[in-house]
Amino acid sequence: MTNLMTREQAAGALHLSLSTITRMCNDGELEVVRPRGAGRGRPLFITATSVQKALTPVITKAARLTPEGETA
Numbered sequence: 000m001t002n003l004m005t006r007e008q009a010a011g012a013l014h015l016s017l018s019t020i021t022r023m024c025n026d027g028e029l030e031v032v033r034p035r036g037a038g039r040g041r042p043l044f045i046t047a048t049s050v051q052k053a054l055t056p057v058i059t060k061a062a063r064l065t066p067e068g069e070t071a
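Sequential numbering from 0 applies to the sequence shown in numbering that gives the first Met the number 0.
Zero decoy hints are in this set.
Here are the simulated distance ranges between beta carbons:
| hint | residue 1 | residue 2 | range |
| --- | --- | --- | --- |
| 1 | R33 | A12 | 15 to 23 Å |
| 2 | V31 | T55 | 13 to 21 Å |
| 3 | L17 | K52 | 14 to 22 Å |
| 4 | H14 | R35 | 29 to 37 Å |
| 5 | R35 | T55 | 26 to 34 Å |
No wet-lab data here; the hints were simulated from the structure. These figures come from a predicted structure and were not determined experimentally. Here a beta-carbon is modelled for each residue, glycine too, at the ideal position from N, C-alpha and C.
Produce the complete structure using the sequences and hints provided.
Encoded structure:
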């Protein structure tokens, strides 16, 4: 089974606002899973894999900017 997280958890993991997470979901940058019977007001879940994929460029850029042997 795929690990799922709420929008709030995704926002915390990516250090972004909820409105940015909502935009990323609407743009298809994050994969949204709708539980059976989900309607207005019901929580939607985001796959942890898509959050990790969105986070990867940030990690790569930080690694490139930090000289070898030093910490950020």
